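A.B. asks: Residue 42 in UniProt numbering is what sits at position 42 of the sequence shown, and the numbering runs on without skipping anything.
Simulated from the structure, these hints should not be mistaken for lab results. One or more hints might be untrue.
The calculated label-pair distances, taken between Cβ atoms and stated as ranges, are [stated by the list, open to error]:
1) S25 with K46: 35 to 45 Å
2) H5 with P30: 13 to 23 Å
3) N24 with E52: 42 to 52 Å
4) H5 with N48: 27 to 37 Å
5) M27 with Q56: 12 to 22 Å
6) D31 with D11: 26 to 36 Å
7) V50 with S21: 41 to 51 Å
Note that the coordinates shown come from a computational prediction; the quantities given were computed from them, not determined experimentally. Where a beta carbon is used, it is the ideal one built from N, C-alpha and C, also for glycine.
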Amino acid sequence: MGQWHTAEEYDGQVREITFRSLCNSPMCPPDTAMTEWQHVVLSSDKKNLVFETVQQAHDV
Numbered sequence: 001m002g003q004w005h006t007a008e009e010y011d012g013q014v015r016e017i018t019f020r021s022l023c024n025s026p027m028c029p030p031d032t033a034m035t036e037w038q039h040v041v042l043s044s045d046k047k048n049l050v051f052e053t054v055q056q057a058h059d060v
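Take these sequences, add in the hints, and give me the full structure.
C.D. replies: Pasting the structure below:
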């Protein structure tokens, strides 16, 4: 799990997480490598914390 850091292209903080995830489909391997990018930022009115994630499966 990566450390939270300031990204040049986004406001707020980002981090990268890598892990393995189980696959239940008969056409897939038993598990797959995954990368997840997380982005957190406070809204402009400072009332909401926005948390976004993007996931990529590498083997399926």
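A.B. asks: Now tell me, hint by hint, if it's right for this structure.
C.D. replies: The hints, checked one at a time:
no.: 1; hint: S25 with K46: 35 to 45 Å; result: holds (43 Å)
no.: 2; hint: H5 with P30: 13 to 23 Å; result: violated (33 Å)
no.: 3; hint: N24 with E52: 42 to 52 Å; result: violated (26 Å)
no.: 4; hint: H5 with N48: 27 to 37 Å; result: violated (22 Å)
no.: 5; hint: M27 with Q56: 12 to 22 Å; result: holds (18 Å)
no.: 6; hint: D31 with D11: 26 to 36 Å; result: holds (35 Å)
no.: 7; hint: V50 with S21: 41 to 51 Å; result: violated (24 Å)
In the structure shown, a violation is registered for the earlier hints numbered 2, 3, 4, 7, in ascending order.
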